[in-house]
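Colleague: Protein chains in written order, with numbering that gives the first Met the number 0: chain A, 0 to 127; chain B, 0 to 302.
Simulated from the structure, these hints should not be mistaken for laboratory data.
Remember, it's a predicted structure, so these values are computed and weren't measured experimentally.
Note that CB positions come from ideal geometry on N, CA and C, so glycine has one too.
Possibly wrong hints are sitting among the right ones.
[As the list claims (entries may be wrong)] Cβ pair distances, simulated, as ranges:
{"no.": "1", "chain 1": "A", "residue 1": "24", "chain 2": "B", "residue 2": "103", "range": "47 to 57 Å"}
{"no.": "2", "chain 1": "B", "residue 1": "210", "chain 2": "A", "residue 2": "93", "range": "44 to 54 Å"}
{"no.": "3", "chain 1": "A", "residue 1": "20", "chain 2": "B", "residue 2": "131", "range": "47 to 57 Å"}
{"no.": "4", "chain 1": "A", "residue 1": "29", "chain 2": "B", "residue 2": "123", "range": "38 to 48 Å"}
{"no.": "5", "chain 1": "A", "residue 1": "76", "chain 2": "B", "residue 2": "245", "range": "43 to 53 Å"}
{"no.": "6", "chain 1": "A", "residue 1": "70", "chain 2": "B", "residue 2": "255", "range": "52 to 62 Å"}
{"no.": "7", "chain 1": "B", "residue 1": "81", "chain 2": "A", "residue 2": "7", "range": "33 to 43 Å"}
[Stated by the list, open to error] With the C-beta cut set under 10 Å, the calculated list includes, among others, these residues of chain B facing chain A:
{"no.": "8", "residue": "35"}
{"no.": "9", "residue": "199"}
{"no.": "10", "residue": "223"}
{"no.": "11", "residue": "227"}
{"no.": "12", "residue": "234"}
{"no.": "13", "residue": "286"}
The primary structure of each chain is shown beneath.
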Amino acid sequence: MPPLLVIDYHNGVPAYRQLMDQIKFQVAAGMLSVGTEMASTRALSAELSLNPMTISKAYSLLEREGVLERRRGQTLVIRAATTADRETNKLNPLRQHLAAAAVMARQLGISRVQALRLFRETLNSPPP
Amino acid sequence: MNLSPDSAPFVAENVTKSYPGHLALDALNLEIPAGHVVGLLGRNGAGKTTLIHLAAGLTLPSTGTCRTFGTPTARLDSPELGRLGLVQQESRFIEWMTVRQHLDFTASFYANWDRDLQHRLTEALELPVDRKLAVLSAGDRQKVGILLGVCHRPAFLLLDEPMSSLDPIARTDMLDFLLERLRDDGCTVLISSHLLTDVEKIVDWVVFLKAGRLVENSSFDALQESFAEWTVTAPEGGLPAAFAEPYVLSSQGQDRLARLNVRTRDPAAIERFARAHRAEVKARPLSLDEMFPLLTIPGRDPS
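Here chain A stands alone, though its shape is the one from the complex:
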């Protein structure tokens, strides 16, 4: 059972995508550990008030990508990933955010040196 999945219906990102991204993120961040059982399509549809088609689409794509695997008949569980995959899964979400930040830096005319310094400072700054 995933700890927490939240769907924003109005942000234009298809709900199946949002589900996939959140599950992948939680796996990469270690919130969902290998072997964890996913809620059934039916149960998750009821919990999130989502069309069951949407959930089975997200699940089957995650299965195809190797994030989930089927066990004991129908149960879907988090699959063990290779070290390389784990690394990629961790870096991908951050890369997306940084790509957006890079666009903004160019738009604002911030130099590479300035931008890198800012990122380093942000990494080092203590949590508020």
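Place chain B on chain A using the hints.
Modeller: Showing chain B alone in chain A's frame:
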């Protein structure tokens, strides 16, 4: 999606429906895919209610053929009608009956009326069962219409603006209930509504009519993934007043900054565009509300 006509609960073949001085539907070819929740969208007068009436057999096509459960709608009979549920925006009732009487009356026509479902819905929607229909509020009348249309657990549910008079809480209940029917009965739902923020929570397929013509018939995911708003910034200026790329549906802006509505499934389009215009592009997906006006833009087929 390829479906044999047998598995589609409703098929329209070259259907035209005209009323005196008015063409409601024009050469419509459409299959409603089984097991889906199909959002029937379009502006007022686009032909949505006509289409629902055709599917229910309430009216017959002027030319062409409509089949519901594979049967031409002129020959629909109890086996098919018993599997069909219709909820209209303003249902007609027997006004002197109480809600309870009316439910009993309608139930008597259906062998498979689900009493448990009726009681559960009556409670969930907080219906005053001992009041006469004649004195009910618009919202409560709409709730009764919903109950009368769904308690026989139809395989094909036609909903014409079923939530227009409901408050937000009743609408949420209604959507949850529809999802429950999907899970339990695997029914097909065709729902017309102007309440797009409600509809987009449950639909997985979109049919869009414009002035009696079919202009969109695709999965909701595919629609969401093809439309976007691009914010284009060119630090050195030089953006054109109008963009020639065929996937640009509309644009506004000036020399250095433009906002575009685009429709493309090509993931490389954004990069090519950025290079061609020496610009930075930030893409944002669109909600159904934002897509709606773009679906009415004529003359482009950027697929």
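Colleague: For each hint, tell me whether it holds in the structure or not.
Modeller: Here's how the hints hold up against the structure:
1. Distance hint check for residue 24 of chain A and residue 103 of chain B: the Cβ-Cβ separation is about 52 Å, which falls inside the suggested range of 47 to 57 Å.
2. Range check, residue 210 of chain B to residue 93 of chain A: Cβ separation about 48 Å, and the 44 to 54 Å hint holds.
3. One distance hint, 47 to 57 Å for the beta-carbon pair residue 20 of chain A and residue 131 of chain B, holds here, with the actual separation near 52 Å.
4. Distance hint check: the CB atoms of residue 29 of chain A and residue 123 of chain B are about 40 Å apart, consistent with the given range 38 to 48 Å.
5. For the pair residue 76 of chain A and residue 245 of chain B, the supplied restraint of 43 to 53 Å holds, since their beta-carbon distance comes to about 45 Å.
6. Look at residue 70 of chain A against residue 255 of chain B: about 55 Å separates their beta carbons, and that is inside 52 to 62 Å.
7. The given range of 33 to 43 Å is respected by residue 81 of chain B and residue 7 of chain A, whose C-beta atoms sit roughly 40 Å from each other.
8. Evaluation of the residue 35 of chain B hint against chain A yields a held restraint, the C-beta minimum of about 7 Å falling below 10 Å.
9. With 10 Å as the threshold, the beta carbon of residue 199 of chain B comes within range of chain A, its nearest partner Cβ sitting at about 6 Å, so the hint holds.
10. Below 10 Å, beta-carbon pairs count as interface contacts, and residue 223 of chain B has one with chain A at about 5 Å; its hint therefore holds.
11. The criterion of a C-beta within 10 Å of any C-beta in chain A is met by residue 227 of chain B, whose closest approach is roughly 8 Å, and the hint holds.
12. Contact between residue 234 of chain B and chain A, as hinted, is supported at the beta carbon level, the nearest pair being about 7 Å apart and thus within 10 Å.
13. Using the Cβ-Cβ criterion of 10 Å, the hint placing residue 286 of chain B at the interface with chain A is satisfied: the shortest such distance is roughly 5 Å.
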